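A.B. asks: Go ahead and model the full structure; you've got the sequences and the hints to work with.
Single-letter residue listing:
Number of protein chains: 2
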Amino acid sequence: MTTQRQSALKGEITPQMEEVARDEGRGTEDIRVGVAQGVIAIPFNPLHKNCKATGIGRGLKTKVNANIGTSADYPNVEEELKKLKAAVEAKADALMDLSTGGDITAIRRRIIADCPLPLGTVPIYQAIVEDRLTAEGMFEVVEEQAKDGVDFMTIHCGITFESIGRLKKQPRLMDVVSRGGAVLVKWILENKTENPFYQHYDRLLEIALKYDITLSLGDGMRPGSIVDAGDQAQIQELIILGDLTKRAWEAGVQVIIEGPGHVPFNQIEAQIKMQKEICKGAPFYVLGPLPTDVAPGYDHITAAIGGTLAASAGADFLCYVTPTEHLGLPTPEDVKEGVIASRIAGHCADIVKGVPGARDWDVEMSKARKALNWGKQIQLAIDPVKAREIHEKRKGTRGQGLGTGDVCSMCGEFCAMKISSEALKK
Amino acid sequence: MTTQRQSALKGEITPQMEEVARDEGRGTEDIRVGVAQGVIAIPFNPLHKNCKATGIGRGLKTKVNANIGTSADYPNVEEELKKLKAAVEAKADALMDLSTGGDITAIRRRIIADCPLPLGTVPIYQAIVEDRLTAEGMFEVVEEQAKDGVDFMTIHCGITFESIGRLKKQPRLMDVVSRGGAVLVKWILENKTENPFYQHYDRLLEIALKYDITLSLGDGMRPGSIVDAGDQAQIQELIILGDLTKRAWEAGVQVIIEGPGHVPFNQIEAQIKMQKEICKGAPFYVLGPLPTDVAPGYDHITAAIGGTLAASAGADFLCYVTPTEHLGLPTPEDVKEGVIASRIAGHCADIVKGVPGARDWDVEMSKARKALNWGKQIQLAIDPVKAREIHEKRKGTRGQGLGTGDVCSMCGEFCAMKISSEALKK
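Each protein sequence line maps, in turn, to chains A and B. So for the first sequence, the working numbering puts the first residue at 4; every next one is plus one. So for the second sequence, the working numbering puts the first residue at 4; every next one is plus one.
Hint data in this document are derived by calculation from the structure and do not stem from the laboratory. It should be emphasised that the depicted structure is a prediction, and the values quoted were computed from it without experimental measurement. Among these hints, one or two may not hold up.
Treat identical chains as interchangeable: a pair holds within one or across any two.
Stated by the list, open to error - No farther apart than 20 Å at their CA atoms in a straight line, the calculated lysine to aspartate or glutamate pairs in the DMTMM-like style are these:
| # | residue 1 | residue 2 |
| --- | --- | --- |
| 1 | K389 | E336 |
| 2 | K171 | E425 |
| 3 | K85 | E367 |
| 4 | K279 | E392 |
| 5 | K249 | E280 |
| 6 | K189 | E425 |
| 7 | K13 | E336 |
| 8 | K189 | E165 |
| 9 | K421 | E193 |
| 10 | K276 | E165 |
C.D. replies: Structural data, given as structure tokens:
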């Protein structure tokens, strides 16, 4: 078994690098160099059959992840498979199974079998639910999940005595809002023992190497309120993750770094740039960020606001947030809304990043608008189904169809583009 | 009749300045000075009865405007009154009646009678619909609307031979997407006559002075595609508006400047700062801006992304965009979605701006979250009705209510905050 990173370092182009290069409109050598430098990750466990190779990192299209998974209140896997379908249809780039209810292993296997995208997990969730919270138990769960074909795993290696010390030194409004992070804080303090994922990091690297698991180094100390953003605990954890990134790279393991969280809008750019510096350009995976705490029910919008700025500043991978965040587990419809909102954020940022093809999409849409070509506008829309639905529903009493040249019900005959383009032609 | 600006210049505090000061938690003298400097506008026509005095500008809470109004396809005023109600309930700060269908005067009067917020119009729409597109006709419409109690008016004074010359010199993908702008371009070119609102600007100022109409100097040249942003025509118009701002201030008339439009995310900050410079700090009123063209059906989200950055950079007034933008006329539900999305943007920016009380809202919400106090979280949510609805719907099979201490269906017993705060207490 050779990891993507090991191949890249040896100068070898893998089929996955070729697939990424094709998708991104880039040269295969560019992708190989990015993987070798660590600035691109391709989460791809060969045991996950029919998985699309997806590149995450510098110079590539900003990617979107959708979280699904059961909880104790909603343990039904069929509902989660509907969410998987909704996420794939809405064009998410990756999926995480965060199940904490029902038979975790069986659910994961069902999800992996159906999932054409890189699949991530947070192994400690299974360890919590199945009461396997020993060092041995945690590593066993990691390896079991790797054997099932999981492509990337969130591991909260940066929750240590050192970062917990910072948390105690500068108390927070919201303590720890990461589930994995909170459980590890509790475990470390109760057992008076260092975090096994930190203390025995080499064992983690061995498993990652064996299955080519991309480590997504978790941000257990992420702020859960904008007032906690950028505090000692958060930055201390990041410094630790910077060290661990280097060790993973040296071992031939791919790494992604996870980031906040709730962050005021004017701190986001600095946080992203600092992370990129401390973690030597490793791909950055952000949850939101959410620049306000007050919008439960609309946190997909809040996340799109923060995500656009984060990705414009260099974040590579956006974890979606759904409208139900902070309120309850999402429905398949919420999953769709969350993916689309994050894709809008990613695309706005890709225009800024100069990602090949990004701006061309807007040019095509503008041309279709100028031509009053409704069929084309709808076809080009980020969600053609919804765009068609709205246009049809509101097309007006005069019954315009979707042909070329018809105006919409907003302006009717007073269509600015029609008037101005005719006037300027003369 | 003395305008707010004239009073401010004479050192007089008006009841409206007092109302604004109370709402904003600021001193009345601060407000007076802002109005005298022109950096704050209080659109308030004394003929608009029961209108709330609202301050727009430097140091104040970012305000949100909702556009409503009939079109030829939807001429029914009752539907627009429902939208008015939806906008007020969603806590919009101002309303514009952009009606172009049915009896424009009768509709406007009905809307003004029901509208407790500053009401704006675009008088040229009525001139177009009623075929009164002569210099005389245009000014008559302006005065008729002023007499009805309109508080602020969009007038496209910057569409001139000079700015049209720039449009011809550097052709655009989307020509002119402002309806008022497009009609004036056509009128100027066909009649080979300068824009009456520019040529006879003093006449406009006289009417504005007589009724204390706040002039919202329109951005007829706003880009309608991200690829057109920041071009010669747009900036030329802005330069003209800068001159006209000064003339209005000298005459004792309040001014707001309108801005884009479709603008790539990385151009927004510069555009806002340039505008503020060219227009000497006059309040800036942006439509969006939209950092991508590809998301019809979700343009309230796109506008929230651009609006947060714009307002963080100094924009004072956000014109909402609804999910139906670019597709058709909005419904009352779309109006609500649009207002909430813009309010999220405004609030994220108010945290950045350091507006008094803005961050406190987030602190309160975070405290309620930490306490797992669901009733309080819902009460503090930007849309308590929706937050309650989602939480109730997804509260889980164990039937948690809205008391203190209950967990939500997302994490259930594995609640990070509960686990970490208990662990850290020990």
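A.B. asks: I want to check one pair: K189 and E165. Are their C-alpha atoms no more than 20 Å apart within a copy, between two copies, both, or neither?
C.D. replies: within (14 Å within a copy, 69 Å between copies)
A.B. asks: Is it within, between, both or neither when you check K13 against E336 at 20 Å Cα-Cα?
C.D. replies: neither (45 Å within a copy, 58 Å between copies)
A.B. asks: Should K279 paired with E392 be assigned to within, between, both, or neither, using CA atoms and 20 Å as the limit?
C.D. replies: neither (42 Å within a copy, 40 Å between copies)
A.B. asks: Given a CA cutoff of 20 Å, do K189 and E425 count as a within-copy pair, a between-copy pair, both, or neither?
C.D. replies: between (70 Å within a copy, 8 Å between copies)
A.B. asks: Between K171 and E425, at a C-alpha cutoff of 20 Å, which is it: within one copy, between copies, both, or neither?
C.D. replies: between (68 Å within a copy, 13 Å between copies)
A.B. asks: Given identical chains, is K276 near E165, meaning Cα to Cα at most 20 Å, within a copy, between copies, both, or neither?
C.D. replies: neither (23 Å within a copy, 43 Å between copies)
A.B. asks: Checking K249 and E280: alpha-carbon separation at most 20 Å within a copy, between copies, both or neither?
C.D. replies: For K249 and E280, the Cα distance is within 20 Å only inside one copy (12 Å; across copies 46 Å).
A.B. asks: Under a CA distance limit of 20 Å, which applies to K85 and E367: within one copy, between copies, both, or neither?
C.D. replies: Result: close neither inside a copy nor across copies, 32 Å intra and 36 Å inter.
A.B. asks: Give the relationship of K421 and E193 under a CA distance limit of 20 Å: within one copy only, between copies only, both, or neither.
C.D. replies: Answer is between: at 15 Å across copies they meet the 20 Å cutoff, but 71 Å inside does not.
A.B. asks: 20 Å Cα cut-off: does K389 pair with E336 within a copy, between copies, both or neither?
C.D. replies: For K389 and E336, both the intra-copy (12 Å) and inter-copy (15 Å) Cα distances are at most 20 Å.
In this structure, the hints that do not hold are numbers 3, 4, 7 and 10, in rising order.
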